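Colleague: Sequence:
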Amino acid sequence: MNRIIGIDYGRKRIGLAVSDPLGMFASPLDTVPPAKIIEYLKNYAAGEGISLFVVGYPMNLNNTPAEAARYVDEFLKQLRRSFPGTPVELEDERFTSVLAHRAMIDGGMKKMDRRDKAAVDKISAAIILQSYLDRKKY
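Using UniProt numbering, the letters of the sequence shown correspond one by one to residues 1 to 138.
If you are wondering where the hints come from, they were derived from the structure by calculation, not from laboratory data. Relax, there's no trap hidden among the hints.
27 Å max Cα-Cα, derived DSSO-like pairs, lysine-lysine: (1) K77 / K12; (2) K12 / K42; (3) K77 / K136; (4) K12 / K36; (5) K36 / K77; (6) K42 / K136; (7) K77 / K42.
Pair ranges (Cβ atoms, derived): (8) P65 / K136: 19 to 27 Å; (9) A35 / K137: 32 to 40 Å; (10) E48 / K137: 17 to 25 Å; (11) K136 / M59: 12 to 20 Å; (12) E39 / N62: 32 to 40 Å; (13) S27 / V88: 15 to 23 Å; (14) D30 / L90: 16 to 24 Å; (15) D20 / G85: 16 to 24 Å; (16) Y40 / G85: 12 to 20 Å; (17) L90 / E48: 20 to 28 Å; (18) M24 / R70: 30 to 38 Å; (19) N60 / R11: 12 to 20 Å; (20) P65 / G85: 21 to 29 Å.
Predicted, not measured: the structure shown is a model, and the values here were computed from it. Ideal Cβ placement from N, Cα and C applies to all residues, glycine included.
Could you put the whole structure together from the sequences, leaning on the hints where they help?
Modeller: Here it is as structure tokens:
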């Protein structure tokens, strides 16, 4: 059964999350360098199948695109070109890093482990995806 992939795009690292087969729950998946993301997603799609991409989109508090949105826009073009038959949805990513840190603290993660930016990116991707799933009631 196909999965939904959540993406927290960053210029240094891209956090990925995946839904369960029923599309109800999001789980952190991996962190990938931007140069290898399309190859990673193609390999993943070959094994699991991807029905939808949910990409975190950086917004300002006044609901205008943030400075980093231009990098996400470039990535979106590449993603759509590489996966023409797979829909892409955007999800507001405001405060996801803060929520990821809070989840790590609440989960009892040690301070040294919370400094791992790759872990923060994966958890941020899961928050983005879960927010989408909750809103869409998949």
